[in-house]
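Those protein sequences? They're chains A and B, same order as listed. Residue numbers 1 to 573, in full-length UniProt numbering, belong to the letters of the first sequence in order. Residue numbers 1 to 80, in full-length UniProt numbering, belong to the letters of the second sequence in order.
It is worth saying that the hints were derived from the structure and are not from the lab. Take these hints with a grain of salt, some might be off.
Stated by the list, open to error - Coverage of chain A stretches by chain B, computed from C-beta distances (three or more under 8 Å per stretch; other residues unrestricted): (1) 8-17; (2) 183-191.
To be verified - 25 Å max Cα-Cα, derived SDA-like pairs, lysine to any residue: (3) Lys-19(A) / Ala-123(A); (4) Lys-78(B) / Ile-194(A); (5) Lys-86(A) / Arg-154(A); (6) Lys-60(B) / Thr-196(A); (7) Lys-2(A) / Gln-9(B); (8) Lys-528(A) / Val-540(A); (9) Lys-60(B) / Tyr-193(A); (10) Lys-86(A) / Gln-63(B); (11) Lys-184(A) / Thr-41(B); (12) Lys-60(B) / Leu-88(A); (13) Lys-388(A) / Glu-289(A); (14) Lys-573(A) / Asn-423(A); (15) Lys-2(A) / Gln-63(B); (16) Lys-2(A) / Asp-38(B); (17) Lys-13(A) / Gln-63(B); (18) Lys-184(A) / Ile-55(B); (19) Lys-222(A) / Arg-443(A); (20) Lys-12(A) / Glu-21(B); (21) Lys-78(B) / Phe-188(A); (22) Lys-13(A) / Lys-54(B); (23) Lys-225(A) / Ile-392(A); (24) Lys-60(B) / Ile-194(A); (25) Lys-166(A) / Asn-423(A); (26) Lys-54(B) / Phe-188(A); (27) Lys-86(A) / Thr-41(B); (28) Lys-224(A) / Ile-344(A); (29) Lys-51(B) / Val-182(A); (30) Lys-51(B) / Ser-5(A); (31) Lys-281(A) / Asn-310(A).
Quick caveat, the model's predicted, so the values are computed rather than measured. Here a beta-carbon is modelled for each residue, glycine too, at the ideal position from N, C-alpha and C.
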Amino acid sequence: MKNFSQLKKNLKKDFSGLKAIKVAILGDTATQFLTQTLRGLGYDNGFNLEIWEADFNQIERQVYDLSSELYEFTPEIVIVFQSSHKLLGKYNKIKPAQHVMFASTELEAIENIYSNLTNNLNAKVIYYNYTEIDDSIFGNYANKTESSFLFQLRKLNYELMVLASKSPNLYLCDLSSIQNQVGKANFFQTSVYINTEMVLSIDVLPKVATKTIDLINTLNGKFKKCVILDLDNTTWGGIIGDDGIENIQIGSLGIGKAFSEFQYWIKKLKNRGIIVAVCSKNTESVAKEPFEKHPDMVLKMDDISVFVANWENKADNIRQIQSILNIGFDSMVFLDDNPFERNIVRENIPEICVPQLPEDPADYLEYLYTLNLFETVSFSNEDAERTKQYQIEAQRATIQQKFTNEDDFLKSLNMLSLVEPFNKFNAPRVAQLSQRSNQFNLRTVRYTDADIERLVVSDDYFTFAFTLEDKFGDNGLICVVILQQENSETLFIDTWFMSCRVLKRGMENFVLNTISSFAKENGYTRLKGEYLPTAKNEMVKEHYPNLGFEKNNTHWELNIENHKRRKSFINSK
Amino acid sequence: MERNEILKQVNAIFIDTLDDEDVVIEETTTANDVEEWDSLTHIQLVVAIEKHFKIRFTSKEIQSWNNVGEMLNCIQEKGI
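Based on the provided sequences and hints, a complete structural model is requested.
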């Protein structure tokens, strides 16, 4: 991790061409260093963060005065940083009788700030939670005393989590966990505080900025979807090919503990929706044996979406895994104990994230915890199903090889699609797919839960969510289209994105048939589409011409009156 | 450590922290003489010097220096 001085040097670099994001910072202590660190780190992450910083202690004035500079700035992200120091100051000033109510009162104030911000801005709010200060008035007894500061601070942190779980545009940045990691003596530096009114030490600034940028990355669709595991000395101790199944180290004894705990971590990631793949230099049958037979293995074959074990080089194998999963290299993490393999992969596939696992396996987990690799801004039930879906995909790929004629193959799948407008049941998945879809995404407009609620009640928008199931299984909701009424003749395709899981099934044709029928039935004559290129959506560059749209300046148009239905083997459910 | 040597090392910290290769400090240099040396970079310099020499200044010391020479006195008082 770069230190503050190094990040500050980024400020002199050329930010043009980087993705610009307007960020407002509201703090109750001075935030200049934080601002510089965020902007510097933003550069390394491909962002031009245009940061507007309120004078410190101006939070309420900026939030409650609708003519304030904050609203004039119209940020996309508002960071609110109310420090534990100031919190303690407030606690000190109120009457002791009010101490038991302190957290509730503060929470109410935060709720008001949040609702004012989101009612008056189209912005996400990042709120820094509270680092712990024990004022040592009660000692351990503070834990039994509701009116103690420690009790109230911890209660407030808990209540903030409850509030965030109910507030779609509120994201907590977990400062408290950073302080747990580095210790209070490193987090807070009295000389900095006394001389500058800043509560973050110079050394902790990059960590706080990283945690914040992790959120901003994820809100912009940049996050990890897959972890690829080496086996020998990464997933278990020892070398299966040499030591044999009875001698590999795993289970509750000695260093075996470290590998078992590592496997539980991977299993939890899988349950959260991270795809787990294996890439090992081994004979396949030998590599699979522990997964099938070893009683102490936490990971089973069921947990692995793609299993590649052979003697080819790992970079090629990872390319193969990538082509099966159809996700970007930059959304993959490769874990391997061997520095040589790590270097080969890193050199050949620079986009992939390859952590420098420590030499001692006992340190793997503690090290991985500090990296915060798997930040996310959503979690739905479908996430847990993902492994199964990719396993089915691998199965489909095998069947497809048997058909020489593509139409016959598609017909044999018995595909069904349910088409519905957005509703409260599908909205979370729509929002999630909107964050995740990078490749098959024509305009890459990201929608959150709250945006979707707005669309549903608007008269100018028509929304479509498509599912796809076939004889192998249910892919769930995989495609979204949002149409905007431009005038009485024309519907503009504001959004069209699709999960890459269902490429090459003729879904595009089915979707176009569906929306052109809808347009016709409602008296429109023209569909208008637009392709906005990004670093990732090259795949759909020719999407509209392929579907018969004609070019009109920067847009693509389809006259629906002459439009013939396109060939599709998908039926409406 | 020789006072001159301390000055040399502190000068290097100034160059790195202020990100300016041309900064030359002397005993009599004050914040007014160096463009980038303001109240914010001051604390950054202090923290960098503390780290480099493995010493800690008190809040009072940090606010007491009128020029680089007084800062050097303070460093030397800590046994450097």
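Evaluation of the provided hints:
Check on the segment 8-17 of chain A: 3 of its residues sit with their Cβ under 8 Å from a Cβ of chain B, so the three-residue criterion for coverage holds. Interface restraint, the segment 183-191 of chain A with chain B: holds (3 residues with C-beta to C-beta distance below 8 Å; minimum three). Note on Lys-19(A) and Ala-123(A): the hinted pairing holds, with a Cα-Cα distance of about 17 Å set against a maximum of 25 Å. Among the hinted pairs, Lys-78(B) with Ile-194(A) is consistent with the structure: their alpha-carbon atoms are about 21 Å apart, no more than 25 Å.
As the CA atoms of Lys-86(A) and Arg-154(A) are separated by approximately 15 Å, the hinted pair is consistent with the 25 Å bound. Distance check on the hinted pair: Lys-60(B) and Thr-196(A) sit about 13 Å apart at the alpha-carbon level, within 25 Å; holds. Of the pairs offered as hints, the one joining Lys-2(A) and Gln-9(B) holds, with about 22 Å between alpha carbons and a cut-off of 25 Å not exceeded. Distance hint between Lys-528(A) and Val-540(A) is fulfilled; the C-alpha atoms sit about 16 Å from each other, no more than 25 Å.
Only pairs whose Cα atoms come within 25 Å are accepted, and Lys-60(B) paired with Tyr-193(A) is accepted, the gap being roughly 13 Å. This hinted pair checks out: Lys-86(A) and Gln-63(B) have alpha carbons roughly 23 Å apart, not beyond 25 Å. Proposed proximity of Lys-184(A) and Thr-41(B) is supported: the alpha carbons are some 23 Å apart, at most 25 Å. Under the criterion of a C-alpha separation no larger than 25 Å, the hint pairing Lys-60(B) with Leu-88(A) is consistent with the structure, at around 24 Å.
For the hint pairing Lys-388(A) with Glu-289(A), the CA-to-CA distance comes to about 21 Å; that is within 25 Å, so the pair holds. Restraint check for Lys-573(A) and Asn-423(A): satisfied, since their Cα atoms lie roughly 17 Å apart, inside the 25 Å limit. For the hint linking Lys-2(A) to Gln-63(B), the alpha-carbon distance of about 29 Å lies beyond 25 Å, and the restraint is violated. The straight-line distance between the Cα atoms of Lys-2(A) and Asp-38(B) is roughly 23 Å, inside the 25 Å bound, and the hint therefore holds.
At most 25 Å may separate the alpha-carbon atoms for a hinted pair to count; Lys-13(A) and Gln-63(B) exceed this at roughly 33 Å. At roughly 19 Å between alpha-carbon atoms, Lys-184(A) and Ile-55(B) fall within 25 Å of each other, so this suggested pair holds. With a CA separation close to 16 Å, the supplied pair Lys-222(A) and Arg-443(A) stays within the 25 Å bound. As the CA atoms of Lys-12(A) and Glu-21(B) are separated by approximately 14 Å, the hinted pair is consistent with the 25 Å bound.
Pair hint Lys-78(B) plus Phe-188(A) holds up; C-alpha atoms about 23 Å apart against a cutoff of 25 Å. A distance of roughly 32 Å separates the Cα atoms of Lys-13(A) and Lys-54(B); the hinted pair therefore is violated under the 25 Å criterion. At roughly 17 Å between alpha-carbon atoms, Lys-225(A) and Ile-392(A) fall within 25 Å of each other, so this suggested pair holds. Taken as a hint, the Lys-60(B) and Ile-194(A) pair is honoured in the structure, with Cα atoms around 10 Å apart against an allowance of 25 Å.
Restraint check for Lys-166(A) and Asn-423(A): the C-alpha separation of about 18 Å stays at or below 25 Å, so the hint holds. Restraint check for Lys-54(B) and Phe-188(A): satisfied, since their Cα atoms lie roughly 18 Å apart, inside the 25 Å limit. Using a Cα cut-off of 25 Å, the hinted pair Lys-86(A) and Thr-41(B) holds, with the two alpha carbons roughly 24 Å apart. Between the alpha carbons of Lys-224(A) and Ile-344(A) the distance comes to roughly 21 Å, so the proposed pair stays at or under 25 Å and holds.
Between Lys-51(B) and Val-182(A) the alpha-carbon distance is near 17 Å, which keeps this suggested pair within the 25 Å criterion. Under the criterion of a C-alpha separation no larger than 25 Å, the hint pairing Lys-51(B) with Ser-5(A) is consistent with the structure, at around 13 Å. Between Lys-281(A) and Asn-310(A) the CA atoms are separated by roughly 5 Å; this keeps the pair inside 25 Å, and the hint holds.
Violation of the numbered hints given earlier is confined to hints 15, 17 and 22; the remaining hints are satisfied by the structure.
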